[in-house]
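K.L.:
Listed here are the chains, written in short residue letters.
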Amino acid sequence: MGLNSVRASPRRSLERSRESVPTGMRASAASLAEILRYIVLTIFLIYCILPAIWMLAAITKDSGQIFTTFGFWFANPPHFFENVIDLFAFRGGIFVRWFGNSLLYAGLISLGSTLICALGGYAFAKYDFPGKHFLFNFILGAIMVPSTALVLPLFLMLYRLGMVNTIWGVILPSLVNPFGLYLMRVFWDASFPNDLIEAARLDGAGELRIFWRLGMPLMQTGLVTVALLSFVGAWNNFFLPLIVLSQDELYPLTLGLNVWNSVSNAGVGAKPSYHLIALGSFISVLPLIAAFILLGKYWRSGLTTGATK
Amino acid sequence: MRYHKTALLFLTPFLTVFAAFYLAPVFYAIYLSLFIRKRIGIGPPKEIFGGLENYVRAVQDSDFLNGLKNIFLFGIVQVPVMLGLAILIALLLDQSRGLFSRICRTVYFLPYTIPTAIGGLIWGYMYSRHLSPFNQILNGLHLGTIDFLSPAVLLFSIGNIVTWTWTGYNMITLFAALQNIPKDIFEAARVDGATTWNIVRYIKIPLVIPTLQLCLIFSVIGTSQLFTEAFVMRPLGYVADNITPNLYLYLTAARDANYAYAGALAILMAVVIFALSGAFLRRIGSR
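Order-wise, the sequence lines are chains Z and D.
Here my numbering is used: the first residue of the first sequence is 98, the next is one more, and so on.
Here my numbering is used: the first residue of the second sequence is 90, the next is one more, and so on.
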């Protein structure tokens, strides 16, 4: 070291300053790359909201304008409020009923599924038992079974049990959430140190108490993430209600709007036109978007934890 | 870690629902698929034990095979395009900061939150002849129109919907992985004189490959189960019954009431997907 290091440092600091201030060719290359980056990101931004733009434009139009005016721009004067009234009045307010159904199903499924996944995930994360490894992989392997392999025989089973066309036929099967179990296990591993558990056991606390009083409060991020993902999945559920429900008062929004769509195109009877279906679709996605934006910090960090394990 | 009995207690709720609503239907499907409908003498056809006859019929069924072919096409075109886009956007976002970056991250994720049934509906409207704003634009520029729902273009149209829905989700997962790379690696690389492109090529991409593989598996599994997008577009235009295996399966059961055959198709699909995923996992495990 000694003399050499003294001579080395001024040169290196000069190099570093040259690097950090882009000049000439390097500067224009850097800013060109930056401009390109913004362009690409903005194009993708527009692509993502394209259907939303169409939807927002469509809900301001009446039944004729939707065919005649430009798809991506609004009607003038806008018919938004008339459309809202038409939508809610249609067939005695069945849209509101459908909205309530979606809320009910998604809410119960989300709560129930999160709870049983939290319990199960805790077992896999904090206990050892024979067959643990095999069982976990078996459950995860279940994700690979296509849902259609299940839903049709499920329907026949439910039929035998008299559960078709009931809310339980939709709710109970949806409680199964292998991915939620996996996430919960990851979160338990990350959030609940074993020393805490050992200390509590030494103090004589029971296992259930440790889980509920000590563990669960530490799991906020995990619980919210799984609950949110579960809520989204349940809200968007289409195939199961399609098979199980035949009474339109029990339909969730996804099913109801699509039934309107098929009726609308078959040209039979009183049919809500495209602009109302667009409005209904818009309203049906609002709760999810609100939930994601409001709970953003939870699921963002949650997905990060899940992605790295 | 001991306490076997307590562990089982915690697992009971999950396992009960799992066994009742996941395992039982699968076994029931296998059981059902072993029956076929045959006319025995006079009278309506009866369900009799047919062994594997449904399966034999399924592997020769041109409709089913057509669906599988479409899934395969999806797998080699749509999935790479989507994941390529996802990693590109993730890398670009990784270098961005500030409000624009945050807006992008939220907006890119939103299509995933929209129910597939609704997204397919809206895109269907944007594709349909009467309503399509794309055709309005093309017409305005005197470039003719594209029939997005014609048999030739339909698969691309459906592919577009899937890409639109899932790119953001995959992108966020990859982005999270990128953000988790320790910053010291980048500093060390810069001191060694690495350019941005070098860093991307030799550090970021290799470290992100495990996550990418996970995304790939889930994408393949999702692709094989394609149903909703095709189904909700049926009222808007002609969609072939056999365009995806799941659609064909559904119609076999719901419209033709041939539950046994539908069951066989479903089990076959499950086996195919299992095999594919298994092959992928083995390749990953060997790395």
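It should be emphasised that the hints constitute simulated quantities derived from the structure, not laboratory data.
These numbers come from a predicted model, not from an experiment.
Ideal placement from N, C-alpha and C gives every residue a C-beta, glycine not left out.
It is possible that part of the hints are untrue.
[Stated by the list, open to error] Restraint ranges, calculated between C-beta atoms of paired labels, are given here:
{"id": "1", "chain 1": "D", "residue 1": "S190", "chain 2": "Z", "residue 2": "L391", "range": "48 to 56 Å"}
{"id": "2", "chain 1": "D", "residue 1": "L162", "chain 2": "Z", "residue 2": "L315", "range": "45 to 53 Å"}
{"id": "3", "chain 1": "D", "residue 1": "H231", "chain 2": "Z", "residue 2": "W170", "range": "48 to 56 Å"}
{"id": "4", "chain 1": "Z", "residue 1": "F164", "chain 2": "D", "residue 2": "H231", "range": "32 to 40 Å"}
{"id": "5", "chain 1": "D", "residue 1": "A241", "chain 2": "Z", "residue 2": "L142", "range": "35 to 43 Å"}
{"id": "6", "chain 1": "Z", "residue 1": "L383", "chain 2": "D", "residue 2": "G229", "range": "53 to 61 Å"}
{"id": "7", "chain 1": "D", "residue 1": "T284", "chain 2": "Z", "residue 2": "L305", "range": "36 to 44 Å"}
{"id": "8", "chain 1": "Z", "residue 1": "T263", "chain 2": "D", "residue 2": "L98", "range": "52 to 60 Å"}
{"id": "9", "chain 1": "D", "residue 1": "A283", "chain 2": "Z", "residue 2": "D159", "range": "56 to 64 Å"}
{"id": "10", "chain 1": "D", "residue 1": "L188", "chain 2": "Z", "residue 2": "L383", "range": "20 to 28 Å"}
{"id": "11", "chain 1": "D", "residue 1": "F245", "chain 2": "Z", "residue 2": "L315", "range": "30 to 38 Å"}
[Unchecked claim] Derived contacts from chain Z toward chain D, CB cut-off under 8 Å, selection only:
{"id": "12", "residue": "P148"}
{"id": "13", "residue": "C214"}
{"id": "14", "residue": "F231"}
K.L.:
Which hint numbers does the structure go against, in order from smallest to largest?
P.N.:
1, 3, 4, 5, 6, 7, 8, 11 and 14
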